[in-house]
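**Student:** I would like the entire structure built from these sequences, with the hints used as guidance.
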Amino acid sequence: MTSDLYFLSARKLATLIKEKKISCVELIQTHLDRIQQVNPKLNALVQLAEPEIVLEKACIADEKLAKNQILGPLHGLPITIKDCCKVSDFIISKGSNGYNFLPKEDATAVARLKAAGGIILGISNVPEFNIAYETDNDRYGKTLNPYDLNRTPGGSSGGEAAIIAAGGSVLGLGSDGAGSIRQPAHNTGIVGLKPTRGLIPNSGNVPSDGRGLLRPLTTYGPMARFVDDIVLSLPLLTGPDNADPDVVPISIRTPFINCKNLRIVFYSDNGIASPDKATLQTINQVVHVLQGEVRQIEYQCPPHLKELYTLITETFILGGDKGLGFKNLLNHLGINKPSYLVKEFLAIARQCEFSITELHQRLRRIDQLRISLEKFFFPYDVIICPVAATPAKLHGHSFIEGHDFSYLNIYNLTGWPVLTVRCGFSAEGLPIGIQIVAKPWHDDITLMIGQKLETLLGGWQKPILFP
Numbered sequence: 001m002t003s004d005l006y007f008l009s010a011r012k013l014a015t016l017i018k019e020k021k022i023s024c025v026e027l028i029q030t031h032l033d034r035i036q037q038v039n040p041k042l043n044a045l046v047q048l049a050e051p052e053i054v055l056e057k058a059c060i061a062d063e064k065l066a067k068n069q070i071l072g073p074l075h076g077l078p079i080t081i082k083d084c085c086k087v088s089d090f091i092i093s094k095g096s097n098g099y100n101f102l103p104k105e106d107a108t109a110v111a112r113l114k115a116a117g118g119i120i121l122g123i124s125n126v127p128e129f130n131i132a133y134e135t136d137n138d139r140y141g142k143t144l145n146p147y148d149l150n151r152t153p154g155g156s157s158g159g160e161a162a163i164i165a166a167g168g169s170v171l172g173l174g175s176d177g178a179g180s181i182r183q184p185a186h187n188t189g190i191v192g193l194k195p196t197r198g199l200i201p202n203s204g205n206v207p208s209d210g211r212g213l214l215r216p217l218t219t220y221g222p223m224a225r226f227v228d229d230i231v232l233s234l235p236l237l238t239g240p241d242n243a244d245p246d247v248v249p250i251s252i253r254t255p256f257i258n259c260k261n262l263r264i265v266f267y268s269d270n271g272i273a274s275p276d277k278a279t280l281q282t283i284n285q286v287v288h289v290l291q292g293e294v295r296q297i298e299y300q301c302p303p304h305l306k307e308l309y310t311l312i313t314e315t316f317i318l319g320g321d322k323g324l325g326f327k328n329l330l331n332h333l334g335i336n337k338p339s340y341l342v343k344e345f346l347a348i349a350r351q352c353e354f355s356i357t358e359l360h361q362r363l364r365r366i367d368q369l370r371i372s373l374e375k376f377f378f379p380y381d382v383i384i385c386p387v388a389a390t391p392a393k394l395h396g397h398s399f400i401e402g403h404d405f406s407y408l409n410i411y412n413l414t415g416w417p418v419l420t421v422r423c424g425f426s427a428e429g430l431p432i433g434i435q436i437v438a439k440p441w442h443d444d445i446t447l448m449i450g451q452k453l454e455t456l457l458g459g460w461q462k463p464i465l466f467p
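FYI, the numbering for the sequence shown is 1 to 467, going by the UniProt record's numbering.
Note that these hints are calculated values from the structure, not bench results. Watch out, some of these pointers could steer you wrong.
Said to hold, decoys possible - Pair ranges (Cβ atoms, derived):
# : residue 1 : residue 2 : range
1 : GLU298    : GLN361    : 33 to 43 Å
2 : GLU307    : ASN68     : 52 to 62 Å
3 : LYS21     : SER372    : 49 to 59 Å
4 : TYR299    : GLY458    : 16 to 26 Å
5 : TYR299    : GLU56     : 50 to 60 Å
6 : GLU56     : GLU105    : 17 to 27 Å
Being a predicted model, the structure only gives us computed values, none of them experimental. Cβ coordinates follow ideal geometry from the N, Cα and C atoms, glycine included.
**Tutor:** As structure tokens, then:
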């Protein structure tokens, strides 16, 4: 049974531990062995916990279980964390040689996963400063996709997605400011949730919690192979922490079973990027299997997507200062030779400049467009659309073909919850995920539709390269 443990769900593993059919030590050792098997090929985890330390934690968990003391829903489960969250006893660098943070305390989300019984096995790779839809940096190197080593697992939570897909971790914590959970989940066939903004505290982001205009777009979120594991972990992460002022004290409902009353709108071409054949087939297949399962499903594209995408990219991500602020950061950190992804970002940022007056005009226009999106979504419960125009790209192509990811940052601006789940494969065997969007605080609806599609279309599938 040991060889199968690393592909089971967190829910199943938690049950096996609680019923004492496996021990926490056995589970952790199995995943340590799996990491040693897959990580040298993938370069997904860039810092590994000391085996004796995590095995000691697993032993303590077993001793508590013997006394019928359950730490929480994740009792003894192996988890991993993206290299942008404070995790005590690990160096957090955001993929940069300029950062060497050794936190004395955990980010709130990390602390909550630990308190629920999770045992952290390692820190996962990111693009430097989290700036790209692929994972590569000069400090740790390139992370590879477990479905095709010539392709990227995406970014910026690419290391997290790769190690989960390959069976090295049961559950992970990522972050999403412009698609950084959803795009890697799509590339690797796993499940990733960008929750409603304000549901999970952002406290403990490295290097600081003040990220200027990008801060309101960013949130932590869980990543796993199965939708039910997002259902399991999400309530553990939510709620105020007296540190992040934007968090709302609201409870997450358990996904209900009946979809019959739901009204769904879907689109495939957003007027910026046209989906390839396999992506279009996947969207059509999703629509087909949901026919008869829901009250209504119809095609209609939200308005002004191209204008809104451009405004978000230029205003919130590029910043309008021709990259000056970013260059000052590099100088401050003593980085004289930026990585190629940073150079690509700066090349684009240099083309973007606007005044304070123009910034005010842009923000006003963004508010107008947000209102138009709210009006569009009002008659519906769910939006379904692609994550990207293509499956996982070859390494080095994320900036060259950046418009293919234009489906993503719109929903960071709105703050709406979005779940990504695999619903198709390309002819080359690459996973294809979709976005399931719901209204604020209705994360449960994304999970309900995700579970339905996972059942009907198979969800995550074991990578052939890493059986």
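**Student:** For the hint 33 to 43 Å, verify it against the beta carbon of GLU298 and that of GLN361.
**Tutor:** Taking Cβ atoms as reference, GLU298 and GLN361 lie about 35 Å apart, which means the hint holds.
**Student:** Measuring from beta carbon to beta carbon, are GLU56 and GLU105 in 17 to 27 Å?
**Tutor:** holds (21 Å)
**Student:** Given the hint of 16 to 26 Å, is the C-beta distance from TYR299 to GLY458 inside that range or not?
**Tutor:** holds (24 Å)
**Student:** Between the beta carbons of TYR299 and GLU56, is the distance compatible with 50 to 60 Å?
**Tutor:** holds (56 Å)
**Student:** Just to be sure I understand the hint, the distance between the Cβ atoms of LYS21 and SER372 should be within 49 to 59 Å; is that true here?
**Tutor:** holds (54 Å)
**Student:** For the range 52 to 62 Å, tell me whether the beta carbons of GLU307 and ASN68 fit it or not.
**Tutor:** holds (59 Å)
The earlier numbered hints are all upheld by this structure, with none contradicted.
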